[in-house]
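A.B. asks: With the hints as extra help, turn the sequences into a complete structure.
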Amino acid sequence: MKHTISVLVENHFGVLARVSGMFSARGYNIDSLCVGETEDPSASRMTVVVHGDDRVLEQIVKQLKKMVDVIEVIDLTRESYVERELVMIKVAADAARRSEVMEIATIFRAKVVDISPDAITVEVTGSEGKIKAFIDMMRPFGIRELVRTGRIAIARSAQENGAEGES
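In terms of our numbering, the sequence shown opens at residue 1 and continues consecutively.
It is worth saying that the hints were derived from the structure and are not from the lab. Be careful, since some hints might not be right.
Here are the simulated distance ranges between beta carbons [as the list claims (entries may be wrong)]: (1) L86 to S20: 17 to 25 Å; (2) G21 to E100: 41 to 49 Å; (3) R55 to T106: 17 to 25 Å.
Glycine included, every Cβ here is placed at the ideal spot set by N, Cα and C.
C.D. replies: This is the structure:
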């Protein structure tokens with residue numbers, strides 16, 4: 001099972017290396033890891049996606065909570081949360097096929113960020129499923145390059161309703 005863990009850490013040099021090192025030292029693979037400063041410049045939020053059963057997750061959470069620079073650990077998997085991922089994808093698209101790529105991008109609410117005579121680069125945000133569907137639609141054009149952020153997630157406010165992991 002995939003677990004999405006939100007880790008609030010002190011924004012210091014080396015914290016990312018220590019946290020990711022804890023995972024590798026214990027043999028846990030990280031599927032996705034995103035880190036960024038929060039509204040408080042002294043803290044950063046890590047969104048970590050890992051595979052594992054409840055026992056593995058329990059061990060990960062315990063180990064994270066023991067770390068000096070870790071302020072808070074939340075298993076979002078069991079909460080109602082909103083998730084997003086960003087992907088930029090460059091596909092082959094000459095003048096004859098460019099409008100077709102742009103039409104698909106419009107359907108996915110994607111944004112064209114660069115055009116050249118033989119390629120087009122599009123950015124799209126959304127859930128993992130939306131991102132996968134968009135990439136699948138772009139494959140026939142010929143993907144030249146693809147970069148993605150990995151998942152970021154935030155718990156819903158207590159008064160908000162919605163399905164778990166809904167985006």
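A.B. asks: Look at each hint and say if it fits the structure.
C.D. replies: Verification of the supplied hints:
| no. | hint | verdict |
| --- | --- | --- |
| 1 | L86 to S20: 17 to 25 Å | 20 Å, holds |
| 2 | G21 to E100: 41 to 49 Å | 45 Å, holds |
| 3 | R55 to T106: 17 to 25 Å | 45 Å, violated |
The structure fails hint 3 only (numbered hints given earlier).
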